[in-house]
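Participant: Chains as they are written, first to last, in the working numbering: chain A, 5 to 338; chain B, 5 to 338; chain C, 5 to 338; chain D, 5 to 338.
Hints are computed from structural coordinates only; laboratory data are not their basis.
Do not rely on the hints blindly, as some may be mistaken.
Copies of the same chain are indistinguishable here, so a pair counts whether it falls within one copy or spans any two.
[Claimed, not checked] Derived DSSO-like pairs (lysine-lysine); straight-line CA-CA distance at most 30 Å: (1) K319 <-> K337; (2) K306 <-> K205; (3) K306 <-> K227; (4) K227 <-> K84; (5) K84 <-> K52; (6) K52 <-> K20.
There are 4 protein chains.
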Amino acid sequence: MRAWQIVSDGGVDALKLAERDVGAPGLGEVKVRMRASAINFRDLATIKDPGPRGLTFPAVPNSDGAGEIVEVGEGVIGLKPGDRVASCFFQDWADGPCSPEIMASALGGALDGVLAEEVILKAGGVIPFPEHMSFEDAATLPCAALTAWNAVVETGGTKAGDTVLLLGTGGVSIYALQFLNMLGARVIITSSSDEKLARAKQMGAWKTVNYRQTPDWDQEVLKLTGGRGVDLTVEVGGPGTLQKSIEATRVAGTIGLIGILVGGEINPLPIMRKSLRVQGIYVGSRRMFADMNRAIAAHGLKPVIHETFAFEEAKSAYHAMEAAGHFGKLVVKC
Amino acid sequence: MRAWQIVSDGGVDALKLAERDVGAPGLGEVKVRMRASAINFRDLATIKDPGPRGLTFPAVPNSDGAGEIVEVGEGVIGLKPGDRVASCFFQDWADGPCSPEIMASALGGALDGVLAEEVILKAGGVIPFPEHMSFEDAATLPCAALTAWNAVVETGGTKAGDTVLLLGTGGVSIYALQFLNMLGARVIITSSSDEKLARAKQMGAWKTVNYRQTPDWDQEVLKLTGGRGVDLTVEVGGPGTLQKSIEATRVAGTIGLIGILVGGEINPLPIMRKSLRVQGIYVGSRRMFADMNRAIAAHGLKPVIHETFAFEEAKSAYHAMEAAGHFGKLVVKC
Amino acid sequence: MRAWQIVSDGGVDALKLAERDVGAPGLGEVKVRMRASAINFRDLATIKDPGPRGLTFPAVPNSDGAGEIVEVGEGVIGLKPGDRVASCFFQDWADGPCSPEIMASALGGALDGVLAEEVILKAGGVIPFPEHMSFEDAATLPCAALTAWNAVVETGGTKAGDTVLLLGTGGVSIYALQFLNMLGARVIITSSSDEKLARAKQMGAWKTVNYRQTPDWDQEVLKLTGGRGVDLTVEVGGPGTLQKSIEATRVAGTIGLIGILVGGEINPLPIMRKSLRVQGIYVGSRRMFADMNRAIAAHGLKPVIHETFAFEEAKSAYHAMEAAGHFGKLVVKC
Amino acid sequence: MRAWQIVSDGGVDALKLAERDVGAPGLGEVKVRMRASAINFRDLATIKDPGPRGLTFPAVPNSDGAGEIVEVGEGVIGLKPGDRVASCFFQDWADGPCSPEIMASALGGALDGVLAEEVILKAGGVIPFPEHMSFEDAATLPCAALTAWNAVVETGGTKAGDTVLLLGTGGVSIYALQFLNMLGARVIITSSSDEKLARAKQMGAWKTVNYRQTPDWDQEVLKLTGGRGVDLTVEVGGPGTLQKSIEATRVAGTIGLIGILVGGEINPLPIMRKSLRVQGIYVGSRRMFADMNRAIAAHGLKPVIHETFAFEEAKSAYHAMEAAGHFGKLVVKC
């Protein structure tokens, strides 16, 4: 079977499609015939800059995938050949707080990823996904969806009537929008594209703000909330947004800090003055994944997939990610 | 102005309509021209059995009401004549855990209630209600709605995808159903009336169980949840239901224990065996009320009112409560 | 190597010492040379009444043990031969809420226990213990200590200045007393023995109540707390204590419900009236165990061991448990 | 009776001692004969720079004081003349999360403070203090002690065995050290003075770091914790410390952000990478104050008072605060 591999630090062009025999699953492991893998910005960044991430070549990219189990090792309970499963971003995060040990079990980073026809994963590192979802749908869950769920449910404790600010229309924000609809919250979402904002509105956003036309978007958010600010901001922005997010969040509110694009320097004084909670978020645990799946199943939620690529065309998917014109997820069939 | 008063322990017939001058509001107080008062089972029970509740005659009944402020005392900030407000069940519960001091500030019990044309309440003992609600609507919020909100949001921490069991179709259960719809949860509701179950289904219940036809309704709930049990049970049942509720709730799940009808003896062993949390619930705080109002406003939620009575016909409302044929709230205009 | 085995439902006398070869550890497993095993009431109950617990004969008893790793299977990270480890009561409870799957991984119940010279356990089913502890010390941690920690830290959220009620001087209560000393809380403890109460006092208990001399011990606890009641009750009592514990706990307080001796019927009405939380507790997770170990290490805490028995004399340890005259733990050397 | 008043923006020298008649307490108010007032850095900053804080002259400075009630207004329950009480920093924070309304009720800022012989406060804006404390002792509680309690108990959820980093030996840090001793935690504390570190060690600190001699004190803290980092950092430092505090805190740990000295710019990326929680802290609620008082009473805790000044010498106290050579609190008798 074949796998895509990062063979050098040459960027997307250094990805090679290679034959790879993963052997049989050991005790407590499962072999999965992957059927789809979704791309996150983090995967592109890893390919373009593998050095500081400590990758050893060749390395299989991507954390997110879905497929069907073809073989289970000894001692595996509750899973059997034929089961449709998604990968868990962290192979070792059952539940509870994150830890360095958990962080060392990330797929497509510390460990080989899933952009491959066959992979071997820990039994606790895969999870069955809702019946109404296709492999392509499920491939979008492990990183973007779970990060959004963690931000709005675990970190934000969002309840009906809360107002939540989403920055941009990337994968995490779109999933957050869908979850917040389920949870009865009101969403304010920003983008530089009126077209994307129109789509977000159609998907249920309460208010939209074009941050190009309204550079003081934090003041606009305050105005929309009667001067009070939002209960939660899901901060996935690039450099320079966090200071404004702090401004746009209410006293004693929460900011979920996500994404490797976090950057720039900020003045932390208003965090103190407003009794804010700034919470770093790094995907989520398998228990959160199970909770999320129950919600997705109960609501028949479908992800927004921008484009699906053939396995051989994986490089095109990364180039589409670079071009940043998508609304929704980019998925590669395996 | 007039007020209904409990003048002896003679039950509903001992209610007398009397003239009463409440005077001017003191520092930190407001005078409210009540416009509607909703009846809870607890109000009927208080009238029928005032002795053990320590009432001194005459006592004005009812915790729940809504009206408009006609005068504010010195030192009142943020409220002014003309404001439409609902009463807070506990005059002194701002936020945080309950306490004996808070319990001593209950309207229509420790303190005079609101079935009157004019009342004086603490500024912190009233709360503005959503614009889309009438006085009759808002009069149903202080006890039934807030108890339901406390049970599903504060105690249950309900999130999208959770499954919640509601016992019967009383005021708390119907509000809980409406809130759970907002929160994205699935509701299983019980009743002895197929007609009431049909209405609950129409209002969004996921599954219904007629406990007369299915006396082992706990087993039915287990079946409906694939053997797992519900995440939360809102236990407002009469004698004998709690043991079955314990059976119907999942391992590490929660039971919110509500209502003066709780009765009968139970075997607590399964609470331990299933790592359950059984949480007594006694209405809720003003902060929870504010949260609830934001949710109600965001969703334009309207209460289910079964019947509205003229002020002079208040006794008929209590008799309707006794007859127990209603679906939704009984409200008296003031 | 040898192991004690329950070979029939004949009680303690049906325990047989047998040769057993556990083989080599598989992937993700470790082989441990057990050095000590502590006995809990639950272990005695299992031996005396194995039927309803679904044991298949022969079954090795006991959940609690400590020893040194002699061999690690493939894929084990962070553990090596020579490491001193204790067993985890639940082999599969990493963190988060309990579940039926976790409950199916109990040692000395669903799975073979540790009263043996050699056992094979999952790598995630053992945990290194503090350096200052002997094997005998560490053997007392998995069930009694962790249950106590879960009750006072996770469930009770005990903070300095809280008052906590402990029922009796069994293993859980004595550990709870030691932890509560660390946490700065005040302990009220009950017993029928003045001698045991004197020892508890010496160990730092704030107040003691002899429940034989003071059958209305709940009223005594109320008096000791100025009528307010305790913040937390660790309920490990036999039939009939829970109703009094409910009485002795403050409004909005917590009762941790522990132990297979929970019994009798109770009237749940006061749980509602006092806004109590009754929380079933079933040992605890590996993450809690790690937290507890850090606390034990920081404070150099030593368990109270009543008596240590030779491996061949294990039956005597169970008979001592039956006699119930001990203060502290009963430990068998392996 | 007399009060100190800020009469212009001339700094400490613009403080004037003036006669002031506060009149009688209104409904729900109490008149307190202040006996002592403690100074916080915030009080000095307010005096030196009153403009941006929106003070109107003349304004009585200081949030912290203790005295005895001399008169109670109508409607006051539970307080009577002769009661010894401390002031609450926020007159309107009963419990729950902070809010703009609560922030508008700060003594010595939005409202007149307590550096006076007589003041009128809300009944809910004072709190009885432990019997073993003098007025001077109790005057140190409202701001510094409660902030420290909020940081280590409410925000940090500190449990026995946790390791906590304290920056410097100011009022908040010294109280935090005392509370952490009670809670069974281990303290690492920094200072530029070996003498102050020696005193902190004597008071129970586990490890000390002289940040002048060890400018990379974050690396030293990592070393002391075996590379893991501390569970909680109480960040009260000046410009430039927060980035190092982030470095010194463990994955999924917490930083309590306190104090108007917070300054400088930080790179927030590591907050995300380490799943940190950065929580702004602004004193605390009356309910927290009650919890803290119970802990202080149970442990007979005494504050560290550096120096006590006569009422007429209040300016000297502010000058001592400016000189920054103290270890412990500066208190003015009233």
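Participant: Determine which of the earlier numbered hints do not hold for this structure and return their numbers in increasing order.
Facilitator: Number 5 only.
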